[in-house]
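So the protein sequences, as listed, match chains F and D. Numbering of the first sequence is given in my numbering, commencing with residue 1 and proceeding in unit increments. Numbering of the second sequence is given in my numbering, commencing with residue 501 and proceeding in unit increments.
Each hint should be verified, as a subset may be incorrect.
What the hints assert, rightly or not - Partner residues are not named here, just some residues of chain D that face chain F (Cβ under 10 Å, in silico):
| no. | residue |
| --- | --- |
| 1 | 604 |
| 2 | 704 |
| 3 | 715 |
Hints in this document: simulated from the structure, not taken from any laboratory. Every residue, glycine too, gets a C-beta built ideally from N, C-alpha and C.
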Amino acid sequence: MIPRLRTVDVRKNFGATRALKGVSLSVAPGEAHALIGENGAGKSTLMKILSGALAPDGGLIELDGQPFVPASPLHARCSGIAMIHQELTLAPHLSVEANILLGEEPAALGWLNRSRCRHLARGALAELKHEGIPLEAPVGSLTIAEQQIVEIARALVGNPRVLIMDEPTSSLTKVDTENLFGVIARLRERDVSVIYISHFLEECQRISGRFTVLRDGESVAAGDMAATSLSQIIRLMVGREIRDIYPRTPRALGRPVLEWRGLAGETKPRAASLTLRAGEILGIAGLVGAGRTEALRVCFGLDRIAGGAVLVRGQDRTRATPARRLADGIGLLSENRKEEGLLLDRSIADNLTITRHQPFTRGGFIQRRRQWQATREWMTRLDVRAQNPGQTMAELSGGNQQKIALGRLLHHEAAVLLLDEPTRGIDIGSKAQIYQLMNELAGHGRAVIFVSSYLPELLGVCDTIGVMCRGVLSEIRAAGEWTEHDIIAAAIGHSGSTTA
Amino acid sequence: MNESTISPATPWRARLLKAVNVVGPFFGLLLVLGLFSLSAEVRPYLFTGGNLKIILIQTVIVALGALGMTLIIVSGGIDLSVGSVVALTSVLGATLLLRGCPPAVTVLLSMLAGAAVGLVNGSIIAGFRMMPFIVTLGMMGVVRGLAKWLAGNQTVNPPPGSPVNDLMARTSPTALFPLPPGVWIAAALAVAVSVLMNRTVFGRHLFAIGSNEATARLCGIRVQRHKVLTYSLAGLLFGLAGAMQLSRLTQGDPTVAVGLELDIIAAVVIGGASLSGGSGSILGSMIGALIMAVLRNGSNQMGWQNFTQEIIIGIVIVLAVGLDRLRHRQQAG
Chain F
1 MIPRLRTVDV RKNFGATRAL KGVSLSVAPG EAHALIGENG AGKSTLMKIL SGALAPDGGL
61 IELDGQPFVP ASPLHARCSG IAMIHQELTL APHLSVEANI LLGEEPAALG WLNRSRCRHL
121 ARGALAELKH EGIPLEAPVG SLTIAEQQIV EIARALVGNP RVLIMDEPTS SLTKVDTENL
181 FGVIARLRER DVSVIYISHF LEECQRISGR FTVLRDGESV AAGDMAATSL SQIIRLMVGR
241 EIRDIYPRTP RALGRPVLEW RGLAGETKPR AASLTLRAGE ILGIAGLVGA GRTEALRVCF
301 GLDRIAGGAV LVRGQDRTRA TPARRLADGI GLLSENRKEE GLLLDRSIAD NLTITRHQPF
361 TRGGFIQRRR QWQATREWMT RLDVRAQNPG QTMAELSGGN QQKIALGRLL HHEAAVLLLD
421 EPTRGIDIGS KAQIYQLMNE LAGHGRAVIF VSSYLPELLG VCDTIGVMCR GVLSEIRAAG
481 EWTEHDIIAA AIGHSGSTTA
Chain D
501 MNESTISPAT PWRARLLKAV NVVGPFFGLL LVLGLFSLSA EVRPYLFTGG NLKIILIQTV
561 IVALGALGMT LIIVSGGIDL SVGSVVALTS VLGATLLLRG CPPAVTVLLS MLAGAAVGLV
621 NGSIIAGFRM MPFIVTLGMM GVVRGLAKWL AGNQTVNPPP GSPVNDLMAR TSPTALFPLP
681 PGVWIAAALA VAVSVLMNRT VFGRHLFAIG SNEATARLCG IRVQRHKVLT YSLAGLLFGL
741 AGAMQLSRLT QGDPTVAVGL ELDIIAAVVI GGASLSGGSG SILGSMIGAL IMAVLRNGSN
801 QMGWQNFTQE IIIGIVIVLA VGLDRLRHRQ QAG
């Protein structure tokens, strides 16, 4: 039988980063195929290529035996490839109906066929057993779960031949998840192929017959779901060795400096608890979307605390603004360096010293000479390669940018550092330097919360590690008591003790 | 959390909010009229047919501009060059009439000139992915200069008695009817643009681009082409506004309509549109344009000086947008 969709050795580079090194995949008509891999394995890049949002650098794609190079999202859609995105891609002002039909409105000479619009939208919602969502309501007024339903309904409207689902259940309730599985079964009867991406391996096991495992941008294995155990799949996902770039000096843990007691945000986290002591590096592992970033944001006062308590050095400091947290000596390194973490078109000196200008202000005026002097000292200490402190951030490499972002917390003399993916997108040399720095800081009695999706670094750097799963963080163990396998199992809610 | 019963906004509440959104600008208009009628001197005159006619005629130019501007703002853009386009097209119209061009062709060419400016704006914005604010700010200067150049730095007086002048003529000044053709044309176009926005695929995509451009692209909407089309279409309406300006002054004046773009943007925003795109309505924008005209008319009759009017209109704009923010916060909460 000719496969519905086949890729052979698809490659994609972003600058020097080789995001896809060679992915081969084959999906038969009417098959539900699970695509499995760790965060950053290249799943999203592959899906963006298939749905026309990115162009591949090499390799072959075939649709029903014909060579297929999607030129744009429109082209992919017209060719019958529909995609349900992990991050919702809805237009919040538009009605439910308009969102479902966006780009595929039934019309004659540009005139909307309104009754047909309603009919199609209602049909798609009915298929998902959600006739109750009002067609006229603006999507922005719906709950996240309902928005996800709308997103899925949009993919169904076009009668796709291949439906790609990227983590469709991450914000669905159990009942809705079951409904979705029902829909997938019905789609398969109609000979629609489904590519199912999920970190929840049980889900993959339930709905799909075959799987492909991606690791570090390559397809490393494919096989029958039924003939493969979860444990084997997890081993295929991890499959790499830990290199010795992680410094570790013995250190004693001091008094608790930060405590979360059932910390909850508006949606995520649901309940996060931890105790962080002076001199401790506490790692938080988990899947993308588990609520780790949100937990740090809530703790730092960026998002509203909906429940639970935050204690700083034993005192209740639940109510907070970022300014108050900074005054308490707590600093946050955003995972989103370019959009949130840094003022890209301002100078190194301004970025480094923005939270603490006092040392070089006189009568409210910043003394440039002393500011630059302090900045130069940090640049030397952090090994930042730049011409001078006046250079704009945008001109620096990712690694150097990240060092400055981290340097801001150091200049602030933060005693507690909340680091969200501090090594994302930077070169291995800078990574090693950042590990070294974290180690030194802990040695001097600072405390660090280290959120990362890269398990080897968590295992290599942290004293203790907790795993967040679906917004819940409770069990924190010494790093030595974890294996990568255990962490992945806990992150997907597979092990008994951490199931939500 | 694990139940399937997700609570949508209860229907009555959604309906109420929708009603408030539609009624809001109406309420504002009534409020303004009500406030002016508190004055014993103004009240007897305010609601006479003759005065209502003046208000309607004064509304036409801002209203036509607001039609185009609503399209642009809903799609997430802005156009600051409207005032200059009105000046240019009014001068162009006057010049054409002077050279013996038939009136209908004159009006049509004025509109096309407006569309041409819009086409340039849209092409630069879409082609180079530039900020609409900057592009149209530049175009504001360029077009104003062109108008002065074309007019030779003075007003252009077309031969008297041209049918173009009848578009905005105030015949039988004491009665509401007959209204000049300009008012009817503006009203008809308002209906047409409203239908375009709500009943066509083009309109839907317009809202989608303003609401979330990335999503629109993902859904296969040709975003850049839509932008070019939107600015051109709006330019057509701005050109017509220029012809109306010519008709009202019976001369082409290159220095006319300075700051008109702000009145137009204010009308659209008072009408409930969001400057970040994705929402807005023609009905709202038209009421907004009427509010602006009533404010000026009432202030004149109160005998208030120009600077008082400017202060009041400034306050009204901020108030209207402030109320709008409040409304949206409740909607979100």
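Can the hint on residue 715 of chain D be confirmed by a CB-to-CB distance to chain F that is less than 10 Å?
holds (4 Å)
Hint validation: residue 604 of chain D versus chain F, beta carbon distance must be below 10 Å. Holds or violated?
Where the cut-off is 10 Å and the nearest Cβ of chain F is about 27 Å from residue 604 of chain D, the hint is violated.
Interface hint for residue 704 of chain D, Cβ within 10 Å of any Cβ on chain F:
holds (6 Å)
Of the numbered hints given earlier, the model fails hint 1 alone.
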